[in-house]
Amino acid sequence: MPDLNGSAEPLAARAQLLGYERELEIGRQIQVGFLPDRLPVPDGWEIEVEFHPARQVAGDFYDAFEIIDGRRLALIVADVCDKGVGAALFMALIRTLLRHTAEISGLLHLPKNYQERLLGPLSGVPMVGAASLLNAIEGTNQYLTGAHARQGYFATVFFGVLDPATGSLIYVNCGHNPPLLLGSDGAARAELEPTGPAVGILPDAVFDIGHAQLAPGECLFAFTDGVPEARATSGEFFGDERLVDLASVPVNDARELLDRATAAIDDHTAGAKQFDDITMLAVRRQLDAVASVRGPTRTAMNGV
Amino acid sequence: MSRIVTLYSYRGGTGKTTTAVNLSRLLAERGERVAVVDTALQAPALHTLFNLGDIPEWISFTDYLIGRCTLEDAIQPIELTEDAAAAGGGLYAVPACDRSYKLEAILTRGYDIGLLHEAFYQLIDRLNLDTLVLDTFPGITNETASAVARSDALVMMTRADRAALVGAPKAVDAVAGLSRGRRLLAVSLLTETEIGEQFGELLAQAYNAPVAALLPPAPELAGAPAKTFFVDAYPSHPLTREYRRLVDSLDGAA
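Line by line, the protein sequences are chains D and P.
When we follow this note's numbering, the leftmost residue of the first sequence carries the number 1, and every step to the right adds one.
When we follow this note's numbering, the leftmost residue of the second sequence carries the number 1001, and every step to the right adds one.
So here's chain P without its partners, still in its complex pose (with noise of 0.2 Å):
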């Protein structure tokens, strides 16, 4: 049974590209058949984090949507270390364009919206995926909309700071009912000190959703990367930690 799992968030910053790079990485880890598609076409990121240099220029999902391409030309493969390979695992992504001239395309004449969820099955189904993971742009838009109505488990993300409790989780709720999935809460937390136990639990009212990873900052993300995946330059990190704890959650949720 394959699942669609979206990052989603009210705000921006709160870490979604960076959380869909490392959780592909660590289902794929597992022997899980992932793929990781940026529908946040008005500012992506997915590439830069995957390390995706030479794309040419006429291919990527916002190619595809505008009819320059079609959906197999914009799969990128990921190179997995060998264990992951050999557990069965595999991993890629549907990075989307950052070229100004396709934005225009994008935001002067549009694009059909059920060409989106034709994609997500058609990936899942060419590619035999176990999992499908969606980043988004954040607030409402009509590809987060999308992503949103199909998944399977929806990770909200947020910040930990009084906008956070205040006016976000009204506007989440109304993005959030588009899912039939469950939600999880991820919370990018901006210090090392640990959040109370009672904020924890306001966010989680809050927001409807148990809390299931506290991201801790990370400035080696900051960086220039030694590896693409935090979770392989790093193994110990409580940020990896957290990370792990989220795709256990994950399995209880989807």
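This is chain D alone, in the form it adopts within the complex (with noise of 0.2 Å):
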């Protein structure tokens, strides 16, 4: 009799397999689903995302969306730890927190401190939506590390909060690879450094609040370090020294920022595997910008 058995399992196996495959596909539409289908873009703005999972699910996010009744533009590249389904898990957990208490929190909760913080540093800066952006920041923070800390996730943000009438952004980084502020002619003119740790990290952390000011033609350049960590066949990382030198050139639009960027990338990494998620969002201020009144602002579909 031949053995019907030994032959069934290399194909149980296989259908099994190509299960998982089917549930990570499912898992990877829903995820999309977390990530804004519409980038809501003030006129006299460009806003441009390129987001590259290395698998079929993300622990890199972004998300842009309006706050303060349509006056302020929330700005969040970010990297959940690790890669893979954990991370994809957490990921959608901490982009809800973030853009949920972003979005509710009202002077009836403010942060802690908030005198201090927001009444008196950085004067002559204006701190609309600093209070939203700290309670999502913080708040996020302690339930990650009251109700997750066994699972031991956390992420590195970059949360903006941009005002699109003139240019001024305040933001709070939080462990992540600063992002680039480039001049109108091209060149990195400054970092936008860590002012705080990563997120679900350190209970009760505390995590202060930087300016920067765009001028017309100026571009944010924010992204995960999936780009300065694209290794080449050869194992060379692309590196931070290639980021600032491709943006030294001028560009006429976040696109062309973006395009450059990813060809780059391509030229560097040349076929290897890619290894971790690439996430890089660019908003430029347009140079013929004409001061805007606040607004209902344009919507322009992203390139997801």
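Please keep in mind that the hints were generated in silico from the structure rather than gathered at the bench.
Treat each hint with caution, since some may be false.
Here are the in silico distance ranges between beta carbons for each label pair [said to hold, decoys possible]: (1) P:1208 / D:109: 31 to 39 Å; (2) D:25 / P:1121: 34 to 42 Å; (3) D:109 / P:1196: 46 to 54 Å.
Chain D regions said to be covered by chain P (calculated; three or more residues, Cβ under 8 Å) [stated by the list, open to error]: (4) 68-82; (5) 127-134.
Computed list of chain P residues with no C-beta within reach of chain D, every gap over 10 Å [as the list claims (entries may be wrong)]: (6) 1066; (7) 1084; (8) 1139; (9) 1145; (10) 1165; (11) 1198; (12) 1233; (13) 1234; (14) 1237; (15) 1244.
Bear in mind that the values here come from a model prediction, so they are computed numbers and not experimental data.
A virtual CB, placed ideally from N, CA and C, is assigned to each residue, including glycine.
Dock the two chains into a complex; use the hints.
Listed below in structure tokens is the structure:
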């Protein structure tokens, strides 16, 4: 009698594998829903994004949404530690907590020591949006370190609040790769350094607020570590220097900047397997922008 | 150099709004460009004292904070006498709103606290102000704290009674400590009789601020106004004299 059981095993295993792949594909599709399908683009600005997970599901995420009755634009680029399904699950959690808290946060729940932090420092910089920003970051940090301390997941986060009428940007950088501030000549004129630890590590961590000013023609370029850590087949990293270099030639628009960055990364990695999620966000203030009256923004489809 | 003058009191009914309105009138008369903002969102009175009757219902400082109008929308120019206008003076009011459904939005949803600070400086900038006067709700509220924190001169108002000497000074000090400006004390008297020098000194000590004005009672304030400004209607009244004294003290303070 032929051993029918023997030949059934590889088939069963393969069916199971196909099942897992299907689940992952479903996970990927659902995860796309956790990213904005439209980016709110204020008049006089360009916002472009590149998002390339290393596997089917990603630990990176980005977000862009209006707060304070449309007067401010929240911008997030973040990277959950690790990769794959675990990171993807925490991506969904962290993304939701940050956005939901920032959107509903009002005067009724002010951050700790708000008098000192919001009424004092960076004098001359209106801190509109700072309460939402701090509540979102600190609230999420408290939640993760409280409810999920055992799993130990954390995320590096860059969370900025932009005033499209003036180009004023307040931000918190939680252990994330410093975004570059590109001048209108293209050169990187500043790096927005960390202002606090990664989110989900230290209970009761305090996060400071930084400030930058985008003049017409200038661009905020934020990314995750998948960019500088993109590896060539030789194992060599893309590196921070190449990043700064590629930004040093002026661009006509944000799309051009990201296309150039993508081309440079592809060139460097040249077919090597992508090791880490890659996310890039470019927010550029147009040169001939007229100061906009605060009001509804037009929306643009992103490229995901 | 522009300045922010904040009127503050721990208890209600000390005469902040009346003082704010008449103070601003006297400053404009001297050729200053002045705006008065009602930050007492919980119990606004500025629009009443400025006799602002026909403002559209979607416009006010409150509406600006909850995103229903722009700051520019909320600015109400106040008519000045020819003399004041000729001297280069300008007067503007930014009243809050007394319609209850709007207050509900403030109470339940709130607004970004940074908008207060931004509004103060945008008003100074856009109206080219010499002085921004901030009227506040008594005690400790977020709006009051912001207004006090931004002040270049803090006019603390109090009645001349026992409560003013006991308990109130500590509470006032906690809020006044937010201000980096100089403090002045204005005392609202209950009777015509002068308060003793000793009591005046006690008050100055308790509040750690010189007494810049002793405001006598004025029953005329209760009646229907002949003119918007008491100082216009009763130029020789002792209260008007004390308001002028307060303006002069402000020059020393900020």
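Verification of the hints:
1. Between residue 1208 (chain P) and residue 109 (chain D) the Cβ separation comes to about 33 Å, which falls inside the hinted range of 31 to 39 Å.
2. A C-beta distance of roughly 53 Å is found between residue 25 (chain D) and residue 1121 (chain P), which places it outside the suggested range of 34 to 42 Å.
3. Our hint of 46 to 54 Å for residue 109 (chain D) and residue 1196 (chain P) holds, since their Cβ atoms are close to 48 Å apart.
4. With 4 residues carrying a beta carbon less than 8 Å from a beta carbon of chain P, the region 68-82 of chain D meets the three-residue requirement, and the given coverage holds.
5. Chain P is given as covering the region 127-134 of chain D, and this holds because 6 residues of the stretch bring a CB closer than 8 Å to a CB of that chain, at least three being needed.
6. Here residue 1066 (chain P) does not stay apart from chain D, with its beta-carbon only about 7 Å from theirs, under the 10 Å limit.
7. Against chain D, the non-interface label of residue 1084 (chain P) holds: every CB pair exceeds 10 Å, the least being about 31 Å.
8. The claim that residue 1139 (chain P) is not at the interface with chain D holds, since no C-beta of that chain comes within 10 Å of its own (minimum 16 Å).
9. The Cβ of residue 1145 (chain P) does not lie farther than 10 Å from every Cβ of chain D; its closest approach is about 7 Å, which violates its non-interface assignment.
10. Non-interface call for residue 1165 (chain P) relative to chain D: holds, since the shortest CB-CB distance, roughly 27 Å, exceeds 10 Å.
11. The Cβ of residue 1198 (chain P) lies farther than 10 Å from every Cβ of chain D, with a closest approach of about 36 Å, so its non-interface assignment holds.
12. The claim that residue 1233 (chain P) lies off the interface holds: its Cβ sits roughly 38 Å from the closest Cβ of chain D, which is beyond the 10 Å cut-off.
13. Remark: the non-interface label on residue 1234 (chain P) is consistent with the geometry, its nearest Cβ contact in chain D lying 39 Å away (cut-off 10 Å).
14. With 10 Å as the threshold on Cβ separation, the claim that residue 1237 (chain P) sits away from chain D holds: the shortest Cβ distance comes to roughly 38 Å.
15. The Cβ of residue 1244 (chain P) sits about 32 Å from the closest Cβ of chain D, beyond the 10 Å cut-off, so the non-interface label holds.
Violated hints, listed in ascending order, are 2, 6 and 9; each of the other numbered hints is respected by the structure.
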